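Protein chains: 2
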Amino acid sequence: MTEQKQVILHGFWASPYVKGVELALKIKGIPYEYVEEDLTTKSTLLLKYNPVHKKVPVLIHNGKPIAESLAIIEYIDETWKDGPPILPRDPYKRSQARFWVNFIPQHLFTAMILVLKTEGEEQQKVVKEVFEKLTLLENGMKDFFTYGTATASVESENMGLVDIFMCSFIGAHRIHEEVLGIKFINPEKFPMLFSWLKAINELPLVKELAPPYEKSLGLVQSLRQNALKSTAAA
Amino acid sequence: MTEQKQVILHGFWASPYVKGVELALKIKGIPYEYVEEDLTTKSTLLLKYNPVHKKVPVLIHNGKPIAESLAIIEYIDETWKDGPPILPRDPYKRSQARFWVNFIPQHLFTAMILVLKTEGEEQQKVVKEVFEKLTLLENGMKDFFTYGTATASVESENMGLVDIFMCSFIGAHRIHEEVLGIKFINPEKFPMLFSWLKAINELPLVKELAPPYEKSLGLVQSLRQNALKSTAAA
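Chains as they are written, first to last, in the UniProt record's numbering: chain A, 1 to 234; chain B, 1 to 234.
This is chain A alone, in the form it adopts within the complex:
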């Protein structure tokens, strides 16, 4: 009989979806085995565990696979109840947290990635959209922090669901800003987002999981170069 680790995570180092799951595991203090996937030649196990989307992250707990980052994080929160809570306990606060962790990847992050893939007038239009979405998030977070997230008090190193998504998707904004020469998280325009991200990025847990700056920068630069090449070829 071979020993099987109880918790296994299939991931890719630069995926924000994977990073969110890793943060949740670390917050709960759950030991896990990490399997890095080569996204160009996905492993047989990944295809077996996530036949629908064939994507990371996939968490395997006692042999049973779970896909989709939010579903995984909610599963972690519901299964390891002894650790710090990730979702707020109050149903209304939970609903607001779920709303924003939908907005951050699907609306804000998607637009930020599109900026990397466009140029000229088209890019200006997308940049305007990113600023509109950042304004919505800045204003929304004022209400959100007023309602209180119960678990989202970054000061106490107790990250909540929205902190996790903010960290995974927007935490590395400086890299995008450096590659594009555009300041997105401007402290004068978005004082709340700026100080929130600063506090998140200073957490020991977040520093521990951050890939080397140069490695991330290289990836974003090559994404940008490939996008420009294919635009030029089209």
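Bear in mind the hints are in silico, worked out from the structure with no lab data behind them. Just so it is clear, the structure is predicted and the values come from calculations on it, not from any experiment. A portion of the hints provided could be inaccurate.
Just so you know, same-sequence chains aren't split out, so a pair can sit in one copy or run between any two.
To be verified - Computed cross-link-like contacts, EDC-like style, restricted to lysine to aspartate or glutamate with a CA-CA straight-line distance of at most 16 Å: (1) 55 <-> 82; (2) 117 <-> 129; (3) 117 <-> 178; (4) 64 <-> 90; (5) 189 <-> 129; (6) 48 <-> 122; (7) 48 <-> 143; (8) 26 <-> 178; (9) 207 <-> 143; (10) 229 <-> 119; (11) 54 <-> 132.
Starting from the known structure of chain A, arrange chain B on it as the hints suggest.
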């Protein structure tokens, strides 16, 4: 002082996202006031309650707004605990339910809508994609029902989360099939999906909420005609 209803739902009669929320409210037996929105001239209240997306559904409970259908349904399940449970109680089954209620609207339904908006070769490609996604769902549901959804036993009229999404997004497949002349939910290809949808559509609750067949047919026909017109004009 004017009396304010405790639960108010802003909706649009043909929105599957709204229908899911209405099903959840009815399952729990929660009385609510329904406000039909004219999506061409959205009400001041809708813009106030959902400033981020300006979309229905929005549920207002004791004056506090919630947007995003899944967030609303989970809120309903967590707030009115006395009614029949909508999400399974077991964390693993919950994770699987959350996975599929992401897949049904974002992957399957999106592709089905695209079939309405395309023609010729392009349409054939999308139709193939719909059948691939139906195959994934048919196979996935075999596992899902094996794990058991705890609350998804349609026979007992106790609809669960995945039943709700299946009903709202795919329940009216016959209308799409009639407009397009394509049989999607073929009982020979997809025996499980076919019998599941049939059982769902026979529930008194579902019949009660279904808009008149002719009205839905008219809407889908006009969607198709407008899409073809704009293709011809392009």
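To see whether the hints hold, each was checked on the structure:
Taking CA atoms no more than 16 Å apart as the test, residue 55 paired with residue 82 passes in neither setting, with 29 Å inside one copy and 38 Å between copies. Taking identical chains as interchangeable, the C-alpha atoms of residue 117 and residue 129 lie at most 16 Å apart only when both belong to the same chain, with a minimum of 14 Å there against 26 Å between chains. Taking the shortest alpha-carbon separations for residue 117 and residue 178, only the intra-copy value of 15 Å comes in at or below 16 Å, while the best inter-copy value is 40 Å. In this assembly of identical chains, residue 64 and residue 90 lie within 16 Å of each other by CA distance solely across copies; the values are 13 Å between and 29 Å within a copy.
In this homomeric assembly, residue 189 and residue 129 come within 16 Å of each other (Cα to Cα) only inside a single copy, at 15 Å, whereas the closest approach across copies is 43 Å. In this assembly of identical chains, residue 48 and residue 122 lie within 16 Å of each other by CA distance neither inside one copy nor across copies; the values are 40 Å within and 30 Å between. In this assembly of identical chains, residue 48 and residue 143 lie within 16 Å of each other by CA distance solely across copies; the values are 13 Å between and 42 Å within a copy. Taking the closest pair of Cα atoms, residue 26 and residue 178 never come within 16 Å of each other, the shortest separation being 29 Å inside a single copy and 52 Å across copies.
Taking the shortest alpha-carbon separations for residue 207 and residue 143, neither the intra-copy value of 28 Å nor the inter-copy value of 39 Å comes in at or below 16 Å. Taking identical chains as interchangeable, the C-alpha atoms of residue 229 and residue 119 lie at most 16 Å apart only when both belong to the same chain, with a minimum of 11 Å there against 31 Å between chains. In this assembly of identical chains, residue 54 and residue 132 lie within 16 Å of each other by CA distance solely across copies; the values are 14 Å between and 33 Å within a copy.
Hint compliance for this structure: hints 1, 6, 8 and 9 are not met, and every other hint is.
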